[in-house]
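With chain Y fixed as given, assemble chain D onto it according to the hints.
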Amino acid sequence: MARLEIQNITLDYGRYPVIEGLSFQLCPGELIGLVGPNGCGKTSLIKSLSRVLPTRSGQILLDGKELSRFSRNELARIVGVLPQNPYLPETFTVSEVVILGRNPYLGLLGGESAKDMAIVWKAMERTGITHLAKRRIGELSGGEKQRVTIARVLTQEPQVILLDEPTANLDICHQLDIMDLITHLCREKSISVLIAIHDLNIASQYCTRIMMLKNGQIHAEGTPERVVTPENVREVFGTSSTIYPHPENNLPMVFMNGNHCRQKY
Amino acid sequence: MINNHNESVAHKTARELPAYSSRRFLRVISISGLILTSIVISALALTVGSVEIPFNTVWQILISHLPFVNFRGDWSPTTDMIITGIRLPRILMAGAVGTALGVAGATYQGLFRNPLADPYLIGVAQGAALGAVVGFVLPLTFGGVYLIPILAFLGAVAAVSFVYLIARVGKTLPMTTLILAGVAIGSVLMSITTYLTMISPDKVHGILSWLMGSFSISSWDQLKLISPYIAIGLGVIFLYARPLNVMQLDEEQAQQLGINVERTKIILMASATLITAMAVCFVGIIGFVGIIVPHTVRLIWGPDHRLLLPLSAIAGAILLILADTASRTMMAPSEISVGVITAFLGAPFFLFLLRRKKKAVF
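Residue numbers (this note's numbering), protein chains in the order written: chain Y, 180 to 444; chain D, 234 to 595.
In isolation and in its complexed conformation, chain Y is listed as follows (with noise of 0.2 Å):
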């Protein structure tokens, strides 16, 4: 179990900043969902999450500890991160790259154990793959590689998943698998869970609580119900909806009207 803390942080490329002064926690059994326009943010914050890109300003902690203490290896035995259009070798089968989620466990010798194939077929099962196992990845659909991908992520066994669009490449039937996934993974395990995602009405059914970005900043925070009203996604998207709730669980469903804060053609 592991705990983020964000704390006041700035990101940016250059000289234009994307985060501006960002702080939230991620609990152990938390499912975050970060959703907002294109460029508010969210991949940016994710990247800085996993250390990828650096932060400007502000401190990232993990369990207490600052982000940058951690060395690579020990950093992926605990945050594990599905990246958006990941690259995947097109020669690689799928089972070649699932295993590639055991490197932070193996050290410069190590070979894989029956117990890391162990993990490594289990992860498959969860993701529902183990029939592509010997498939190279050039032969694979969109989805397939988003799901090999998923099965990684899962074999590096870590604390926090970070996420973004994990639901992108995939049918309806596949991206509610996948959400189902990761919340039993969430509740199950305690795994702290942070998904950018665009789909608000996947947001609400699945996030505990949700995250809305705009401009590097957060519009809006809480769970669906405060979230996921017309004021919010008019001031963010600059969209016009009518929000229902589910007849099933009462959780809020958005039903979009138009633009009405863009030009018309």
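No wet-lab data here; the hints were simulated from the structure. Hints are all accurate, no fakes.
If you anchor each label on the Cβ, the simulated ranges turn out as follows:
hint, chain 1, residue 1, chain 2, residue 2, range
1, Y, G290, D, F304, 40 to 46 Å
2, D, V573, Y, G290, 40 to 46 Å
3, D, A276, Y, G290, 28 to 34 Å
4, D, I465, Y, G208, 48 to 54 Å
5, Y, G208, D, R257, 37 to 43 Å
6, Y, E404, D, F258, 54 to 60 Å
7, D, R257, Y, A347, 33 to 39 Å
8, D, L259, Y, R182, 40 to 46 Å
9, Y, Y192, D, L584, 42 to 48 Å
10, Y, G193, D, Y428, 39 to 45 Å
11, D, P407, Y, G193, 18 to 24 Å
12, D, A276, Y, S250, 46 to 52 Å
Some but not every residue of chain D turned toward chain Y, in silico, with C-beta under 8 Å:
hint, residue
13, V479
14, Q481
15, D483
16, I492
17, N493
With a Cα cut of at most 35 Å, we get these calculated DSBU-like pairs of lysine-lysine:
hint, chain 1, residue 1, chain 2, residue 2
18, D, K498, Y, K301
19, Y, K294, D, K498
20, Y, K301, Y, K244
The beta-carbon is built from N, C-alpha and C at its ideal position, and this holds for glycine as well.
For chain D alone, kept in the frame of chain Y given last:
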């Protein structure tokens, strides 16, 4: 109870994923099979040349030189000299250089994620050649021949750093700029090298044959000088086989999987450059080995560097021993440059493999 469960899962894995259980077996079989092949080929190469020496005599001579063996046959001292003084060091040198070039090629290709990366295409070999020629041409007051490998390494490092700095676009190293910069800088370095050989008339002949790649002056002394460096370089690269697998993903993912990307790059780059420089410094420019060998191995055994690197090492040795044997026997008593042989045999073979498989090699 938990233990039991894990075992049963492991068992299931082994059964349903035969690729894993057979992987170690495949590795052992492939590596030992290729090693055996290289030994047989070396032994056959010892028998052929300007004087044919029967295989029987060859192995008796070799055995007689083993420590603690007191054994004399009815061969002449000249025959002994031909085998142990001329052919054996030459064959071992070809093997060492082939190993170095095969592994260096595989490492650069993995490191740059670029199927065209090769010691000769990215200018490293030309840098090493310039360094070595500077050593040959300048009157060295200290160090003498021991300085040649070091100068070659410095030349190679300078060349690869320069190419890297020029070819880099932002934080990435695009395939096209890498090759363009490598070829351009390689040509400049090669012209300087040729110029240096031309202004030193007394040594021109030796250096000229060296420039085109030749094992004709290989000796035990040279072999002793370069083999420790090659061994160190190979050892380090083999240790980094799995990180190199992870780095076949993009750098962001490699970092997220626990790889210190910058450090790994520098270590692998330095090691590959070291073994390239050692390969070049006494035998000159031998093209194509660094690109044919790893690609052929990849086509047959797949992209896993834990198999690719050791197999490229042995296959590189086999290729160069064969090429050198051809170079000294085909037009005997005169020799064909070994670089000519590798290009002539290697390029069509490589094209054939590409045509046959018609899918992504990398």
